[in-house]
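When the letters of the sequence shown are read in order and numbered with our numbering, they come out as residues 264 to 413.
Just so you know, the hints here were simulated from the structure itself, not pulled from any lab data.
It is possible that part of the hints are untrue.
[Said to hold, decoys possible] Here are the computed distance ranges between Cβ atoms for each label pair:
id, residue 1, residue 2, range
1, 312, 393, 30 to 40 Å
2, 384, 327, 14 to 24 Å
3, 299, 330, 16 to 26 Å
4, 410, 298, 16 to 26 Å
5, 396, 270, 16 to 26 Å
6, 399, 279, 12 to 22 Å
7, 399, 270, 12 to 22 Å
8, 280, 383, 15 to 25 Å
9, 399, 378, 19 to 29 Å
10, 296, 349, 30 to 40 Å
11, 406, 291, 28 to 38 Å
12, 383, 339, 13 to 23 Å
13, 303, 385, 29 to 39 Å
14, 281, 302, 18 to 28 Å
Even glycine gets a Cβ: it sits at the ideal position worked out from N, Cα and C.
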Amino acid sequence: MATERNIRTNFAFCPPEGDGGAWHATLDSLERALREAFPDPTIGHRRSGVHEMTVLDFEIELAPDVWLDGTAAITEPDHAYITLIDATADEAGAFAVWLRDSFAPAPDLVRFASSLAMANGEDTPSPLPTGGAQADISALLYRHLDAFDH
């Protein structure tokens, strides 16, 4: 994975605006997908005091010795999000491609945002491109972070 600028922030992924149930997913289906895609993930369920719902916490190994932590909330039929915690653009890019190509039922159903952008006043998630390899998506996320890293 590249090491251009190692900015770490939280990245959030969600379905299209107005269609929070577009992934047709549950916490159980996300857990199964993570277990199938990544070797020996650590996965747990807990009650979120912030959102008053059950969330799924996970830690996955994206590449040898590259670990990624995240939290997901999916309540049918109208709400879903996955947040990656303290991730680089490369790490988030690898996860985003998996999410788009292997978990979401169609590639046009994933939007993203970052806590760096939100801290700078941008609270509208952007659509993830429907194509492109991990390097392309990581480059997009680097540009996204550069736009807000003042």
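Hint-by-hint comparison with the structure:
For the pair residue 312 and residue 393, the beta carbons lie near 36 Å from each other, so the given range of 30 to 40 Å is met. Checked against the given bound of 14 to 24 Å, the beta carbons of residue 384 and residue 327, roughly 38 Å apart, lie outside it. Checked against the hint of 16 to 26 Å, the C-beta distance between residue 299 and residue 330 comes to roughly 18 Å, which is consistent with it. Taking the beta carbon of each, residue 410 and residue 298 are about 35 Å apart, not inside 16 to 26 Å as hinted.
At about 21 Å, the beta-carbon gap between residue 396 and residue 270 stays in the expected band of 16 to 26 Å. The hinted range of 12 to 22 Å is satisfied by residue 399 and residue 279, whose Cβ atoms lie roughly 21 Å apart. For the pair residue 399 and residue 270, the supplied restraint of 12 to 22 Å holds, since their beta-carbon distance comes to about 18 Å. Here the CB-CB span from residue 280 to residue 383 is close to 20 Å, well matched to the stated 15 to 25 Å.
Between residue 399 and residue 378, the C-beta spacing of about 23 Å keeps the proposed range 19 to 29 Å intact. With their beta carbons about 22 Å apart, residue 296 and residue 349 fall outside the hinted range of 30 to 40 Å. Between residue 406 and residue 291 the beta carbons are some 35 Å apart, a value that agrees with the proposed interval 28 to 38 Å. For the hinted restraint 13 to 23 Å between residue 383 and residue 339, the CB-CB distance of approximately 33 Å leaves it violated.
Between residue 303 and residue 385 the CB atoms are about 36 Å apart, so this pair conforms to the stated range of 29 to 39 Å. The supplied range of 18 to 28 Å is broken by residue 281 and residue 302, whose beta-carbon atoms lie about 36 Å from each other.
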